[in-house]
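Here this note's numbering is used: the sequence shown runs in plain steps of one and ends on residue 279.
Calculated from the structure, these hints are not laboratory results.
Because the structure is a prediction, the values reported are computed rather than measured.
For every residue, glycine included, the Cβ atom is placed at its ideal position computed from N, Cα and C.
Hints are not guaranteed to be accurate.
[As the list claims (entries may be wrong)] Computed list of lysine to aspartate or glutamate pairs in EDC-like fashion (alpha-carbon distance at most 20 Å, straight line):
1. 237 - 218
2. 273 - 207
3. 262 - 228
4. 237 - 257
5. 262 - 252
6. 273 - 194
7. 262 - 278
[To be verified] For each label pair, taking beta carbons as the anchor points, the in silico distance ranges come out as:
8. 240 - 168: 34 to 42 Å
9. 200 - 272: 17 to 25 Å
10. 226 - 161: 30 to 38 Å
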Amino acid sequence: MLDRLDMMPVAVARRIDHGTRDVAPPPEPTAAYGVYLARLCQGCHGEHLSGGPIPGAPPDLPVPLNITAHETGIAHYTFEDFDRLMRTGKKPDGTDLDPFMPVKDLRHMDGVEMKALWAALQAAPKRPFGER
Numbered sequence: 148m149l150d151r152l153d154m155m156p157v158a159v160a161r162r163i164d165h166g167t168r169d170v171a172p173p174p175e176p177t178a179a180y181g182v183y184l185a186r187l188c189q190g191c192h193g194e195h196l197s198g199g200p201i202p203g204a205p206p207d208l209p210v211p212l213n214i215t216a217h218e219t220g221i222a223h224y225t226f227e228d229f230d231r232l233m234r235t236g237k238k239p240d241g242t243d244l245d246p247f248m249p250v251k252d253l254r255h256m257d258g259v260e261m262k263a264l265w266a267a268l269q270a271a272p273k274r275p276f277g278e279r
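With these hints in hand, go ahead and build the complete structure from the sequences.
The following block contains the structure:
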């Protein structure tokens, strides 16, 4: 309902200029390609990928985590930790991600896509949790 009233920022499709399209960089394990892929993450984790409550979202919606390399995010993750998290939903400490995270879809990313996304997250400015 909130998305139909334009009160929820995750309903951005109506605000996008659909007349112009970005061209995807070549599918290589580069930060440039990863930035292109990470746009999917921004819907929940915010423009700056640092997570926090989604403005205008219902209060019972899970709070997205910080996925920047800040200490409140994934600073202590290795690529292997990140890859396992994205494919299984298990954090390095063995706990599960919230089921709201679309792991069942993301686990199908190929190795190039996963390495590119990792490169982009490592290259993104480190921000404390919640600076969306």
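Point to revise | Violations among the numbered hints | key: Per hint list: 2 and 7 violated.
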